[in-house]
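Take the sequence shown: its position 191, counting from 1, is numbered 214 in this note's numbering, and each next residue is one higher.
A portion of the hints provided could be inaccurate.
Stated by the list, open to error - No more than 27 Å apart at the CA atoms, straight line, and that leaves these computed lysine-lysine pairs for DSS-like:
1) K336 x K186
2) K351 x K135
3) K351 x K336
4) K51 x K216
Said to hold, decoys possible - Computed beta-carbon distance windows for the label pairs:
5) N346 x D105: 20 to 28 Å
6) F181 x T49: 37 to 45 Å
7) E140 x F181: 34 to 42 Å
8) R188 x D127: 46 to 54 Å
If you are wondering where the hints come from, they were derived from the structure by calculation, not from laboratory data.
Fair warning: this is a prediction, and the values are worked out from it, not measured in the lab.
Yeah, the Cβ is synthetic: ideal placement off N, Cα and C, and Gly gets one too.
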Amino acid sequence: TTDGTASERSDYLTAIGTLRFAGGETSKTITVFIVNDSYGEIPESFNVTLSDPVGGTLGAPSIVTVTINSDESVDGPNPVRDASFDTDFFVRQHYVDFFNREADADGLNFWKNQIDECTNQECRDLRKINVSAAFFLSIEFQQTGYLVYKAYQASFNFGETLKLRDFLPDTQEIGRGVVIGQPGAEAQLEANKQNFFNDFVQRPAFLAAYPTTMSAAQFVDQLNSNTYDPRNTGSGGALTQSQRDDLVVQLSANPASPMLRASVLRTVSENGLFSARQNNKAFVLMQYFGYLRRNPNDIPDADFAGYNFWLGKLNQFDGNFINAEMVKSFLVSVEYIQRFGP
Numbered sequence: 024t025t026d027g028t029a030s031e032r033s034d035y036l037t038a039i040g041t042l043r044f045a046g047g048e049t050s051k052t053i054t055v056f057i058v059n060d061s062y063g064e065i066p067e068s069f070n071v072t073l074s075d076p077v078g079g080t081l082g083a084p085s086i087v088t089v090t091i092n093s094d095e096s097v098d099g100p101n102p103v104r105d106a107s108f109d110t111d112f113f114v115r116q117h118y119v120d121f122f123n124r125e126a127d128a129d130g131l132n133f134w135k136n137q138i139d140e141c142t143n144q145e146c147r148d149l150r151k152i153n154v155s156a157a158f159f160l161s162i163e164f165q166q167t168g169y170l171v172y173k174a175y176q177a178s179f180n181f182g183e184t185l186k187l188r189d190f191l192p193d194t195q196e197i198g199r200g201v202v203i204g205q206p207g208a209e210a211q212l213e214a215n216k217q218n219f220f221n222d223f224v225q226r227p228a229f230l231a232a233y234p235t236t237m238s239a240a241q242f243v244d245q246l247n248s249n250t251y252d253p254r255n256t257g258s259g260g261a262l263t264q265s266q267r268d269d270l271v272v273q274l275s276a277n278p279a280s281p282m283l284r285a286s287v288l289r290t291v292s293e294n295g296l297f298s299a300r301q302n303n304k305a306f307v308l309m310q311y312f313g314y315l316r317r318n319p320n321d322i323p324d325a326d327f328a329g330y331n332f333w334l335g336k337l338n339q340f341d342g343n344f345i346n347a348e349m350v351k352s353f354l355v356s357v358e359y360i361q362r363f364g365p
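Model the full assembly from the supplied sequences, consistent with the hints where possible.
This is how it looks when you write it as structure tokens:
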């Protein structure tokens, strides 16, 4: 998707990915989430483009324009401001912003109740923060979006420079069809993970950084070098000597094998110490990706000063987002609020 007169930050959510047709299939459905804001606006549009076919050709048209018609003729109350707060809207928007899916009924009701059972504003304010943070901390996001982040970090040491438009398609793919707690979710997630890592290690950018001429030891050591503690860059990799040696032995059977390389990268990406080391950096980055739908150095920022400020605060409070007031600050920011209304 690309912007027309509509904005991917506030009018609809970016959709990027790959459509795979099995033999005999002639159609596929894609989902683009529309933000049900309260602005009274004229019709706005965005584009959906099909490109880069493999094993086939694209018919016409390959680009379509989608028009969003506003439900309001004049500006209405903002659903995330305190005075007009809409719990249903707030929770549903978190599902699409962080999980790239509509809320399941049980999940929606559970998180709504966490806020609605409060009897005073202080309780509601705290519950909104806790509910919001729970989406990053959830098993579903940890096994999808956070895993994608760690794969990029282990491979390229991108950190906060990882781009939203690189992160989104992989996160959408790895989470496709997954609703944690529902039947078949674990099997679907496992299949998605395998497909993601198998594809990831065969991309041109990965092969440029990890040519198939590398030895098993070189491959493992280069990945491991990117798993250092960002608060202590001299800490060394997250793998123990035994873990490192086991992966080298595993890959030595055929160091150029995409399947073996994918397995090694996945093992490194899922390493517990590596996950703990990167948690704060990823948590801050997801504030920008999830709440603001942009990179940390995109307009209105010009650099990573804001990102570094919040990372410093989160580190100062040892990851305690309540005491650091990080989640709260993003939720009450003008930029976040104005995504949804005046």
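Going down the list of hints, with the structure as the test:
Distance restraint check for K336 and K186: the Cα-Cα separation of roughly 23 Å lies within the 27 Å cut-off, and the hinted pair is therefore satisfied. Annotation: proposed proximity of K351 to K135 holds, straight-line Cα distance about 18 Å (limit 27 Å). As the CA atoms of K351 and K336 are separated by approximately 13 Å, the hinted pair is consistent with the 27 Å bound. Taking the CA atoms of K51 and K216, the gap is near 21 Å; set against the 27 Å cutoff, the hint holds.
Distance hint check: the CB atoms of N346 and D105 are about 22 Å apart, consistent with the given range 20 to 28 Å. Restraint check, F181 to T49: a C-beta distance of roughly 38 Å satisfies the suggested window 37 to 45 Å. Remark: the range hint 34 to 42 Å for E140 to F181 is upheld by a beta-carbon distance near 40 Å. For R188 paired with D127, a C-beta distance near 27 Å fails the hint of 46 to 54 Å.
The earlier numbered hint that this structure contradicts is number 8, and it is the only one.
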